[in-house]
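Start from the sequences, fold in the hints, and give me the full structure.
Chains A, B, C and D are the protein sequences, given in the same order. My numbering puts the first residue of the first sequence at 9, with every later residue one more than the last. My numbering puts the first residue of the second sequence at 5, with every later residue one more than the last. My numbering puts the first residue of the third sequence at 1174, with every later residue one more than the last. My numbering puts the first residue of the fourth sequence at 2, with every later residue one more than the last.
Don't read these hints as lab results, they were simulated from the structure. There could be a bad hint or two in this list.
[As the list claims (entries may be wrong)] Derived pair list, reagent style DMTMM-like, types lysine to aspartate or glutamate, alpha-carbon separation capped at 20 Å: (1) LYS115(D) - GLU66(D); (2) LYS50(A) - GLU1408(C); (3) LYS115(D) - ASP91(D); (4) LYS29(B) - GLU66(D); (5) LYS7(B) - GLU86(D); (6) LYS115(D) - GLU142(D); (7) LYS6(B) - ASP91(D); (8) LYS1415(C) - GLU63(A); (9) LYS6(B) - GLU86(D); (10) LYS6(B) - ASP54(D); (11) LYS115(D) - GLU91(B).
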Amino acid sequence: MHWNSVSEFFAMGGYAFYVWGSFGLTAVVVVGEVLLLRAQRKTVLRNLRNELLAESNPT
Amino acid sequence: MKKLGLASVMLALLRREFAVALRQKGEVLTPLVFFVVIASLFPLGVGPESALLLRMAPGVLWVSALLAAMLSLQRLFATDYIDGSLEQMALSGTPLGLLVVAKALSHFLLSGLPLVLMAPVLGLQFGLDGRALGILMLTLLLGTPTLSLIGSIGAALTLGVRGAGVLLSLLILPLYIPVLIFGAGAVEADAAGLGFGGHLSLLAALLVLSAFFAPLATTTALRISLE
Amino acid sequence: MNTRVIHWFKFASPQNFYVLAGRMWPWFATLAALLTAVGLWISFFVAPTDAQQGEGYRIIFVHVPTSQMSMFIYLVMAAWAGFGLAFNTRLSGMMASALAPTGALFAFLSLVTGALWGKPMWGAWWVWDARLTSELILLFLYLGFLALQASIDDPRRADKACAVLALVGVVNVPIIYFSVKWWNTLHQGASVSLTRSPTMASTMLWGMLIMVVACWMYAITIALLRVRNIILERERHTEWVKHALE
Amino acid sequence: MLEAGRWLYVAGANGVGKTSLLRMVCGLAPVESGQILWNDQPIQSQRDAYRQDLCYLGHLNALQESMTVNENLVFTAALGGVAPEPGQIDSVLAHFGVGGRGEQLVRHLSQGQKRRVALSRLALSQARLWVLDEPFVAMDEAGVRMLADLIAAHLAKGGLTVLTSHQQVPIGNMPPQMLELRA
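Now the structure itself:
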């Protein structure tokens, strides 16, 4: 372990913006993609259910 | 009735393309004018300093040529697709690949070759000397058929699709990068005393490669578009 | 022989694959999470500080995996596409379109992390280096694929057209790479080797490898999840989807 | 199964897939289930050889608007691998009631005239199998009778015809094979 303190860890030897920027952006994109897929699945399922309902009760 | 060989069928298609082009001169001339306008805009954008213009000239002319090719490619199959001629070509006993080659050839003759002939005039605007102009024309002569061949794939893929024009550029321009690099690089390499033979042979290699693969891809794409 | 063929094609039916993907994705997701945790631990706490680049080099732990994933996903996508064209299986096109957005995202991440690394190391956000330029072109190819997919209404036709495009792209990628490289050496531009010299500490290498595998698992998870959505959407008029909902 | 000298009449309501069926017969559209055989071979394995035997006439006239009638017909004949004899096109055009229009640009013709020019392709074609999508539509009575005679002559020479049509049209004295499509 080569970090003496938490603040040193977050400072990344002066490269904080670049290092945390890279990792942070990647994390945001990854989480975003997962959330997007979940939302997409929900919409697809909802549309399917609506279609099914519309078919079973023709009014 | 007389039987025709495959070469005569290709010739008949070429003759047809020329007849159409002759009656719709605007469609042939517009990309050419576009080429001239785009190339003339650059000096206005970067300033008239002759050393800078001289260095930029091959790149600018090549990029303008790519964009002009895009413009004419949109119509390569579009009218035939709309009026049903393309269906007839796909259903004829002649291999569709040969017809595609003839189409690409007609595109080169009607839009690539005029660019080659026009380039030296624009090159003079940028202060290129005779040797550089010669090399530039040579690269365009070897490169524009490749543009037609690769472009035909994009034209076939975007048939009857929403926003076909922009989409075509997005699909095809990245594929043009090698041609652009070797085409524009030749003049510069010669100026740097490196000789341009290598560039020309690479352009020729690209041409051979695309002449072999592009009709295959275009034929597949056309059949998909006609389904 | 014959029975084997049938066995493999059984999973090529969207219905079976939907179930299979549903069973498989949690495993890949778990692996991805575990490997990411280990990889991050190594990246930040085990791998030593680089002698020349200080702590800034730690960006390679995201940059290298994302850029190699972006290239590999394109290959896999083209392989699915070619398979789909050759055997006319519906699933192949769906897999290709499930992979494309993730590949594009990886290409995007690779470019941004490359820029974030380049700024402190070379003093510029962007350098026309052969690799960065090729990566940019790869992103364009992905965007073309996605745009073509989006503008054709009939999904079957979209799949086939995109398959042709992906195959054309995959033939072109090496040509583009070598031409950009040639262009780069001719112009004596900044050619910076992104992968470090053999002096790289073995813990760095391990960290990178683990992150690469983590990205793999993530990409597989995402592709499975997305293909499930695509299958539901496209097969919505079939009986089995209606059953699955009830 | 359609034998030489017979014709298949594809009937069915609008939107039931008659055109799609004809496009499958031509090999333009993929066949979802089943197979289409020509000379006992699947058409997918014959490709150009099958297409040489085929003449398809769809909803579209397949005429290039900025070319003359003659140029168009010479070109479509060339696609089929033949060059018409001098005078042949003129007599065919005259037969179809558009005589003397050979040198006119297609865009200057009326819709009905364009359709007749498109139909005259049949007379210039060497194909054995004619696939016709609604050939009688927008034709006057004389035109319908003439086209029916043309098809009858084609059948008499051992040709085959597959066609769709709204109205029942007798072709010579040959009874059709019927195919009724239902949704």
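Outcome of the hint check:
1. LYS115(D) - GLU66(D): 10 Å, holds
2. LYS50(A) - GLU1408(C): Satisfied, since the Cα-Cα distance of roughly 16 Å is no more than 20 Å.
3. LYS115(D) - ASP91(D): 15 Å, holds
4. LYS29(B) - GLU66(D): 14 Å, holds
5. LYS7(B) - GLU86(D): 11 Å, holds
6. LYS115(D) - GLU142(D): 17 Å, holds
7. LYS6(B) - ASP91(D): Satisfied, since the Cα-Cα distance of roughly 17 Å is no more than 20 Å.
8. LYS1415(C) - GLU63(A): 11 Å, holds
9. LYS6(B) - GLU86(D): Judged against 20 Å, a Cα distance of about 7 Å means the pair holds.
10. LYS6(B) - ASP54(D): 17 Å, holds
11. LYS115(D) - GLU91(B): 17 Å, holds
In summary, this structure violates none of the numbered hints.
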